[in-house]
Amino acid sequence: MSNDFYISAILPYSGIIIKMCRAYTNSQEDFEDYYQEVCLQIWRSKDNFREESEWSTWIYRISLNVCLTLLKKRKNNTQHFVSDTITNEETEDNHAFSDEPLNMLYAAIKKLSEIDRAIIMLYLEEKSYQEIADIIGTNQNNIGVRVKRIKTRLKKILDGKID
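So for the sequence shown, the working numbering puts the first residue at 34; every next one is plus one.
Hints in this document: simulated from the structure, not taken from any laboratory. Treat each hint with caution, since some may be false.
[Claimed, not checked] Keeping only pairs whose Cα atoms sit at most 35 angstroms apart, straight-line, the calculated DSBU-like set for lysine-lysine is:
hint, residue 1, residue 2
1, K79, K188
2, K52, K144
3, K52, K108
4, K143, K194
5, K189, K52
6, K160, K79
7, K144, K189
8, K189, K79
9, K79, K194
10, K144, K105
11, K79, K105
12, K105, K160
13, K143, K189
14, K105, K184
Computed from a prediction, not measured in an experiment: that's the story for all the values here.
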């Protein structure tokens, strides 16, 4: 991957990649692996970008697909145990995981289904329902209903009413 491509086409969108990778990982090591794999896949697929959507939408799609693929691989590998919570050891001295209220939100988000995680992450990025639908591959009305249900579920999780 050329340094110019990284600086011009990936680095300005690193926030997107970081948030998506964080929603699907439990440790800094996994986060770094996911981030690196997303960047690699963006570089590999850059020639397939047909400019039918925004570059940021393309980045979201690749980030989501890579995270879901790696998550499935991890789940299928019985040698690895993936926890839905972040332990203190995984968060100590770790900038990406050091904000406690943010950790609580991510822990709650990780209790959602994989697709609901993606929807709420995009919603928190202030993407329109249409943009979310385009990235997820569904219709706009479905997104509106799901966002409402997800927000209700997250509130219950954060209030300790459900696990």
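A quick look at each hint next to the structure:
no., hint, verdict
1, K79 with K188, "38 angstroms, violated"
2, K52 with K144, "16 angstroms, holds"
3, K52 with K108, "21 angstroms, holds"
4, K143 with K194, "16 angstroms, holds"
5, K189 with K52, "22 angstroms, holds"
6, K160 with K79, "22 angstroms, holds"
7, K144 with K189, "11 angstroms, holds"
8, K189 with K79, "40 angstroms, violated"
9, K79 with K194, "44 angstroms, violated"
10, K144 with K105, "16 angstroms, holds"
11, K79 with K105, "24 angstroms, holds"
12, K105 with K160, "26 angstroms, holds"
13, K143 with K189, "14 angstroms, holds"
14, K105 with K184, "25 angstroms, holds"
Taken one by one, the earlier hints fail for this structure at numbers 1, 8, 9, listed in ascending order.
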